[in-house]
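Now for the letters of each chain:
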Amino acid sequence: MSGRTRFVVRRLLLTVPTLLAMSVFVFLIIRLVPGDPVRTMLGFRATDANVAATRAELGLDRPLLRQYLSFLGGLLHGDLGTDFVSKAPLRDLLAQRLPVTLELTLLAMGLAIVVGVPLGVLAATGSRWVRRLTDGFVVAGVSVPDFWLGIMLVLLFSGTLAVLPPSGYVPITDDPVGNLRYLTLPVLTLAVAETAYILRTTRGAMEATMGQPFVTYLRAKGLSHRRIVYRHALKNAAIPVVTVIGIQFGLLLGGAIVIETLFALPGIGRLLVTAINQRNYPVVQAGVLVVAGLFIAVSLVTDLVVGLIDSRVADGSGS
Amino acid sequence: MTGAVILGVLLLVALLAPLIAPHDPEAVDARRILSGPDSSHLFGSDALGRDVLSRVMYALRISLLVATSSVLLATVVAVPLGAVAGYVGGLVDSLISRPLDMLLVLPALLLAITLIAIVGPGSTVAALAIALIYLPILARVMRGSTLGVAHLGYVEGAGARGAGHLRVLAGHVVPNAIGPVLVQVSILAGFALQIEAALSFLGLGTQPPTPSLGLMLSDGRDVLVQAPWVEVYPGLTLALAVLGFVLVGDGLRARFDPSGVLR
Amino acid sequence: MTGPVLTVQDLRVSFATPQGLVSAVDGVSLSVGAGEIVGLVGESGCGKSTLANALLGLLPSGAQVSGTALLDGGQLLGLEEGRLGRLRGDRISMVFQDPATSLDPTFSVGEQVAETIRAHRRVSRRDARAQAVRLLSEVGIPDAARRYGDAPHRFSGGMRQRIVIAAALANQPAVLIADEPTTALDVTIQAQILSLIAGLCRDQGTAVLLITHDLGVVAQICDQVGVMYAGQLVEEAPVHRLFADPQHPYTRALLGALPTGDTMPGGLTVIPGQVPDLSGPLPGCRFLDRCPQARDECPTRPEPVTVGETRVACWDVSARLVPERAPS
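First to last, the protein sequences are chains E, U and Y. Sequential numbering of the first sequence, starting at 1, is according to the numbering used here. Sequential numbering of the second sequence, starting at 1001, is according to the numbering used here. Sequential numbering of the third sequence, starting at 2001, is according to the numbering used here.
Simulated from the structure, these hints should not be mistaken for laboratory data. Any given hint could turn out to be false.
To be verified - Pairs of lysine to aspartate or glutamate residues, derived as DMTMM-like cross-links and limited to a Cα-Cα distance of at most 20 Å, are as follows:
(1) E:K235 - Y:E2111
(2) E:K235 - E:E207
(3) E:K235 - E:D174
(4) E:K235 - Y:D2150
To be verified - Cβ-Cβ distance ranges computed for the label pairs, FRET-style:
(5) Y:R2086 - E:R4: 33 to 39 Å
(6) E:I172 - Y:R2134: 52 to 58 Å
(7) U:A1254 - E:T15: 26 to 32 Å
(8) U:L1147 - Y:R2134: 17 to 23 Å
Just so it is clear, CB atoms sit at the ideal spot from N, CA and C, and this is done for glycine as well.
Kindly generate the complete structure, drawing on both the sequences and the hints.
This is the structure in C-alpha cells:
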C-alpha cells in the first residue's frame, strides 16, 4: 500500500472515533437537561401519568448505557429518532432540510474562496495601497456582525433597489433561477466575513512562503516571477489556507443558523432554533448530530486535501 | 493603538451609561414614535418612541459585560489547565486535552445554542456557553505556548535552584507563556460580543426587558424600511466594539507573536 | 585557449543599514576559465556570499553594486530582472548551502529538475522528464526513473544536494557558483559531493566559483583560490602555491590556524582581534588592526603585486619585493 493510500485510510479511520465521541457528547448533553426534560417538553399542564407515559415512550426510563446503545444502533441504521410532536421520522425531516443548509454554506464558502484567495495573493505581492485596502476590508469584514450585514443588504437590495427578495426559498430542482435569487443575499452575507478570513490567511501564508529559502533558489534557476508565485508559492501557501477553510467551516455553519433564521430559509439551522424554542428535544438532538457530522465531514475533506498537496503530511513525517 | 482608543471610549460609555445617557432607555414617548435622528435624539427613536442612543448605551453595557466576563472566565480556567498540560505532559496532558478537544468537535455557535437548549435562555447562560466554547481554544494556546517555554534555560534553571514545580509554573512559565493567550483573548472577546449578539438576536440570549444589542437588531427589522436608524445604529455600535477588540488583538499580536504562529 | 568565461572587475557591494553604510565587498577582481575551479575562501561575513549573490542579481533591493562582471563577454551586473532571469539557470547557475531548504517541499524532485530545463529550452514535457531522469542518474541518484516522482523530504541531505546540482547543471551553464555546497553535509558525504561537482564541471567545461570557509574543501578540488578578508581579496594563487608559500599575513595566519598531523598542543595560531565592523570607517587594508606586519603605508589600499604565480595585496610583501628592483 503506498504512503498516500495509507494516509487516506488512516485519516478515514480517525473519523470513526471522532464521530463516536461526538455522538456520545450530543447524547449526553440532551440528557443533562436540569429538571425533567419530559415535563419541560410537555408543558406545565402535563399530568404525572402523561409524563411517565411519554418517558417510557421515549425510552428515557431505561438505564443510560442501554439508551445510548439503542441510540447508536438507530444512528447506524440512519434512524435519527422521531419528531415528538408529529411522530414523523426525523430522518425525512432532516433530509429535506439538509440540502438547503448545504447549498447555503457551500456557495458561501465557494464565493469566499474565489474572491478571498486571489485578493490574498494580490495583497501579499502587490503594491502598498492594495495591502492597505485589503487590510481595511479584512478588519471590517471580521468585525461587522453578519446578521446585521444581512439586514443592511436587505434594506439596500430588497428595500431601496427592490431587485432581490428579502426572504423565502425555492428548491433548485424546481426553479434554478428563483433558487439562486432567493439565496443571493444570504450567500453574500455569509461570504463577507468568510472572505475576510480567507484573504487574511492567504496573504499571511503567501508572505511567509515567499520569504522561504527555496524561493530564492527558484529565482536562481531563472523561473519567472509569475511561475514562482502561482505555481510554487501558492501551492505551499495552500496548505495553511485549506486547513483554515476546514476550521472556518464551523464558523460558517454557526452563521448559517442565524442567517437561515433571518432569511426564512428552510434549513437545519432554522429548524434548530425553532425546535429549541419549542423544547422539541428529539429534533434538537437530530439537528445537532447532522450539523456536527457535516463539520466532521468537511474537516476530513480538508485534511485529505492537505495530505494530497503536501506529501510530508501524508508520509507522517512533518508539518 | 486605534483599537485601544476605540475600546476605551466604548467601555467608558458603557460604564457611565447611567450617568451620561441623554434619556431613560425605557421611557416610552408616543409623540416620538419612529422619528428620525435629531439634536435631542442623536440616533432617533424606535417603535415605542424610546431613544435609540440611550438604549444602545445600556445595551452595550450588557453585551460588553457578557462578552468580557465569558472570556475572562474561560481564561481563568484555561490558563492553569493549559499550563499544567504543557508543563507536565504525558498522561496528565492527555487527561486534560482529550476532553477539551471533545468540545471542539461542535462548531461554536452550535455548541452555544445546544447548551441554551438544555438550560434555557438568558445572558448568564450565554456567558457560560461562550466561556465553554473558548475554554478549549485558550487552553490549547496556553499549552502550546507552555511547551515552547517550559524547557528554556531560565525555567529549568529555576527548577535546578530548588524551586518547587508550582513556583516554577506560576512564577516563570505562566508569565512568559501567556503572551499568545492574551492575543487570543482580545480577539475572542470581540467574537464573544458577536456570539452574544447572535444569541440575543435569535431570542436565546439576553431576554427582554434587559436591553441588548442583538435584541435591538432583531426588533429593528420590523421597522426597517420606515425607520432604518433603529437597525443601523445598534449594528454600527456593535461593529465598532468588535473592531476595537480586533485591532487591540492585532496590536498585541505584533508585540507578542510577530511570527504569526497562531491563527 | 579562449579567455576566461567569468571576469569580475573591481566589484563593490554596499548596503544601507541603520548602523550606516556597510561595504560588504570592496573592489574584488577575479576570473574563472572554462573547466576551471576557482575557490573563494574566507571567514563568515567576509563578503564571499554577497559577491556570489551579486553576480546572480539576488541581493536585496537596498544593495548598491558597482564594478563589472562579464559572463562570456556579456555584462552581468545591472541587468533588469527579465534578462537576468533568462541567464539564471541557463548560462549561470548557483548551488546553495542548505539542501534541506533549497527544494520546494511540495513538488517532486524530478519535476524541479525538469522545470529548470523547460524554463530555458523549448522541449516537450516528456523530453524534459527524460532529460531530468538522465541528469538525476548522472549525479548519482540510484533508480532515478522511479525516484523522479518522490518528494524532497524522502531523500537524505547529500542526495538532495545532488538533485540541486543536477538542476543547476541541467542546461549546461557556462558558470556554476557553489556557495558552501558541502557545509551542511556530513564530512563523509562532503568529499563525494565535491568530486561530483569537479567531475561534472570539468567534463562539461563549466567554470566553477566555489565559495567556502573550509580550506580542506579548497585543497580537494580547486585549481585556483582567492582569499577574502572583510570584503577585500587579499591573495590569489594556484592551490598548491597558496598552501606551500602563502604570502599575505592573513593567509599565513589562516594556514597556521589549521591543525595538521604534527601540530603540537598550543601550537595553533590564533589571530588576535576581531573582524572589523564594516559599517564604520575602515583603513585601506582592512587587515591592518590585526596584522603583525603592519606598516605606515597600510592605511592606504595596497596595490596588488605578483609574486611568482600569486597575486597579493599587501604593502609588506610589496616592500620586500622592491629592493630586488631598486638599482643598487
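Results for each hint:
At most 20 Å may separate the alpha-carbon atoms for a hinted pair to count; E:K235 and Y:E2111 meet this at roughly 14 Å. Of the supplied pair hints, the one linking E:K235 and E:E207 holds, its CA atoms being roughly 13 Å apart against a limit of 20 Å. Straight-line distance between C-alpha atoms of E:K235 and E:D174 comes to about 39 Å, which puts the hinted pair past the 20 Å bound. Of the pairs offered as hints, the one joining E:K235 and Y:D2150 holds, with about 17 Å between alpha carbons and a cut-off of 20 Å not exceeded.
Under the hint 33 to 39 Å, the C-beta atoms of Y:R2086 and E:R4, about 37 Å apart, fit the expected range. Distance hint check for E:I172 and Y:R2134: the Cβ-Cβ separation is about 54 Å, which falls inside the suggested range of 52 to 58 Å. Checking the proposed 26 to 32 Å range against U:A1254 and E:T15 shows it is violated: the Cβ atoms sit about 38 Å from each other. U:L1147 and Y:R2134 have their C-beta atoms about 47 Å apart, which leaves the hinted 17 to 23 Å range violated.
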